[in-house]
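Protein sequences, first through last, are from chains A and B. Just so we're aligned, residue 87 is where the first sequence starts under our numbering, counting upward by one. Just so we're aligned, residue 355 is where the second sequence starts under our numbering, counting upward by one.
Errors might be hidden in some of the hints.
[Stated by the list, open to error] Pairs of lysine-lysine residues, derived as PhoX-like cross-links and limited to a Cα-Cα distance of at most 25 Å, are as follows:
(1) A:252 to A:271
(2) A:141 to B:470
(3) B:585 to A:355
(4) B:541 to A:95
(5) A:355 to A:252
(6) A:191 to A:95
(7) A:275 to A:252
(8) B:584 to A:95
(9) A:355 to A:275
It should be emphasised that the hints constitute simulated quantities derived from the structure, not laboratory data.
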Amino acid sequence: MTALRAGWKRNGIPWLIVGPFAIVLAFPFYWMVVTTFKTNADQYRLDQTPFWPHKWTTENITNLFENTPYLTWVGNTVLIGLVVVVITLVLALPAGYALARLSGKWGQTMGVGIFLVYLVPPTLLFLPLSRVISDLGLTDSIASLMLVYPSFTVPFSTWLLMGFFKTIPPELEDAALVDGASRLKTLTKIVFPISLPGILTVVIFSFSLVVNEFIYAITFISTSHHRTISAGVPTDLIRGDLVFWGSIMAATLIPAIPLALLYNLFLDKFIAGFTGGAFR
Amino acid sequence: MEARAVAGRVPRARGRYLLESRRFLAGALIAPAVLFIVLLVGIPLGLAVYLAFTDATSGSLSGSWVGFQNFVDEWHNEIFRRSLWNTALFTVASQTIVLLGAGILAHALVRDFRGKWFLRFLILLPWAAPIALGTIAFQWILDPTFSILNYTLVHTHLLGPFCDITNIQNCSATSPPNWVGDPTLAKLSIIAVHSWRILPFATVIFIAGIASIPREVDDAAAVDGATGLKKFWYVSLPLQLPIAIVALLFGIVFTATDMAVAYVLTHGGPFNSTQMVPTWAFTTGIESGRLGAGAAISLYMLPVLGLVAVGMLIAAKRAEVA
Numbered sequence: 087m088t089a090l091r092a093g094w095k096r097n098g099i100p101w102l103i104v105g106p107f108a109i110v111l112a113f114p115f116y117w118m119v120v121t122t123f124k125t126n127a128d129q130y131r132l133d134q135t136p137f138w139p140h141k142w143t144t145e146n147i148t149n150l151f152e153n154t155p156y157l158t159w160v161g162n163t164v165l166i167g168l169v170v171v172v173i174t175l176v177l178a179l180p181a182g183y184a185l186a187r188l189s190g191k192w193g194q195t196m197g198v199g200i201f202l203v204y205l206v207p208p209t210l211l212f213l214p215l216s217r218v219i220s221d222l223g224l225t226d227s228i229a230s231l232m233l234v235y236p237s238f239t240v241p242f243s244t245w246l247l248m249g250f251f252k253t254i255p256p257e258l259e260d261a262a263l264v265d266g267a268s269r270l271k272t273l274t275k276i277v278f279p280i281s282l283p284g285i286l287t288v289v290i291f292s293f294s295l296v297v298n299e300f301i302y303a304i305t306f307i308s309t310s311h312h313r314t315i316s317a318g319v320p321t322d323l324i325r326g327d328l329v330f331w332g333s334i335m336a337a338t339l340i341p342a343i344p345l346a347l348l349y350n351l352f353l354d355k356f357i358a359g360f361t362g363g364a365f366r
Numbered sequence: 355m356e357a358r359a360v361a362g363r364v365p366r367a368r369g370r371y372l373l374e375s376r377r378f379l380a381g382a383l384i385a386p387a388v389l390f391i392v393l394l395v396g397i398p399l400g401l402a403v404y405l406a407f408t409d410a411t412s413g414s415l416s417g418s419w420v421g422f423q424n425f426v427d428e429w430h431n432e433i434f435r436r437s438l439w440n441t442a443l444f445t446v447a448s449q450t451i452v453l454l455g456a457g458i459l460a461h462a463l464v465r466d467f468r469g470k471w472f473l474r475f476l477i478l479l480p481w482a483a484p485i486a487l488g489t490i491a492f493q494w495i496l497d498p499t500f501s502i503l504n505y506t507l508v509h510t511h512l513l514g515p516f517c518d519i520t521n522i523q524n525c526s527a528t529s530p531p532n533w534v535g536d537p538t539l540a541k542l543s544i545i546a547v548h549s550w551r552i553l554p555f556a557t558v559i560f561i562a563g564i565a566s567i568p569r570e571v572d573d574a575a576a577v578d579g580a581t582g583l584k585k586f587w588y589v590s591l592p593l594q595l596p597i598a599i600v601a602l603l604f605g606i607v608f609t610a611t612d613m614a615v616a617y618v619l620t621h622g623g624p625f626n627s628t629q630m631v632p633t634w635a636f637t638t639g640i641e642s643g644r645l646g647a648g649a650a651i652s653l654y655m656l657p658v659l660g661l662v663a664v665g666m667l668i669a670a671k672r673a674e675v676a
């Protein structure tokens, strides 16, 4: 009896508190799923319970892939994401390491400085950058986004990586240095392999920042076939009087689900990097 | 004898080697990132300031110097003033909701219980989904005719009381309101979407803050007889404060500078009633092609961001001390 009550207190009360929040926060996703699998006619029927599909269909998904440039947008987004992640790692890995280890007091100030750059929002930069992009002749090309996106992924990733590197004991590197390895060799053979989980976290969060980006994507790109998912779905899929909500909801779910799973997998690492070494 | 001599020599040699390579290596490793940031953030920021003092348009390559004209014009523009007010309103309202919600959620989620990973997954969903796409889901949930929210309100008989309390026009127990078509409801909707989006992020940071409090502090508090609210107010809260401030400052920046939610959900409408500084800068600078005026509009956000940055530094300092 007491065990049962203890179990209820332990498991039941958190569910009572968190449950309502979870329902409110997750409902839009439930509704996306339902809308995705409803027939188009059923979306607009008010005489039957709308909370689940009465007739399941995949026509919305096939319509999305066959009659819209959605696959091109997915391809653009993935391609931009990969290029940006590579640029980000090339710049942020060495910088994050140097700030964590090599540069003392001066480096600490610099680390906070780089972090503050992350707070300079695209809303402040999109107008001058649109001018720069047109001067470079990159208007309406996905190359423009590959060039500009590292401006927020690099500060953010440098900051996170600095946090990760601080959690690795310096003794490990000292041992390698004593054994005659060079600093650079220590870096590539010891530090980076141990930091792999941290680096993977940075890859995932940089990639998701790219998928999320909206304002540059709609400012620099004007041709439908050059758009990313985030810009293409709201601008080119929703237009006119004929809106296929089922297809639109499928278009939003497809990137959201894998991203959500990855976020969950790497969340603890993210927190560790974000708060652990970063402010200490 | 020989061994001791060697042992004495090696550390000194290594120390000199480190001292020499360190400075150079540090500079060489940081320089590319700094250079990139200066090129893509520093220079555009300077260019934004320059543009704000000219009458540049997207058609002509360079405008002529107009001094503070853009800033003065916008300050007297009613839509800009409303944008400024809305930005403040949306930010303060959503961050209040987020702080309260995240506080409650984090305290429940920091303990271990059955099915925690599942609830955590559900709670994190809004933050993981691209915001422009998440906002589209709300567009459908708040659809003028087929809103699932209105359907629920009507069928649970909550719509009548809701309309009475909020005093919305064209809203009664049988005629549901148009969420994105009514100025008041459109504002509420934007605040709701922003809160929905930031709450998971703030919760995650709060959990980290609570988890970082050492066990001994709990024990010490128990020995001193601090319990419940007293313990929360005098022990737990001050210790979590630096990290909570970080979450809040991030929330402020994400909300105040985000364009996607207002742009996708209401496009600043109806009649510019939900225009924010970012959407108004976009409308002016890109859609109307008045680059100079648009740059001036977004520069009005700089003082606020400066304050946030200072707050961030203070929070970082406090975290260092704690």
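Do the hints match the structure? See the list:
1. A:252 to A:271: Distance of about 19 Å is within 25 Å: holds.
2. A:141 to B:470: The given pair, whose Cα atoms are some 33 Å apart, is violated under the 25 Å limit.
3. B:585 to A:355: violated (29 Å)
4. B:541 to A:95: violated (39 Å)
5. A:355 to A:252: The given pair, whose Cα atoms are some 14 Å apart, holds under the 25 Å limit.
6. A:191 to A:95: Violated, at roughly 49 Å.
7. A:275 to A:252: Holds - the C-alpha atoms of residue 252 of chain A and residue 275 of chain A are around 17 Å apart, at most 25 Å.
8. B:584 to A:95: Holds, because 22 Å separates the two Cα atoms, which is no more than 25 Å.
9. A:355 to A:275: Holds. Residue 355 of chain A to residue 275 of chain A sits at ~22 Å (cutoff 25 Å).
Hints 2, 3, 4, 6, counting from the list given before, are not met by this structure.
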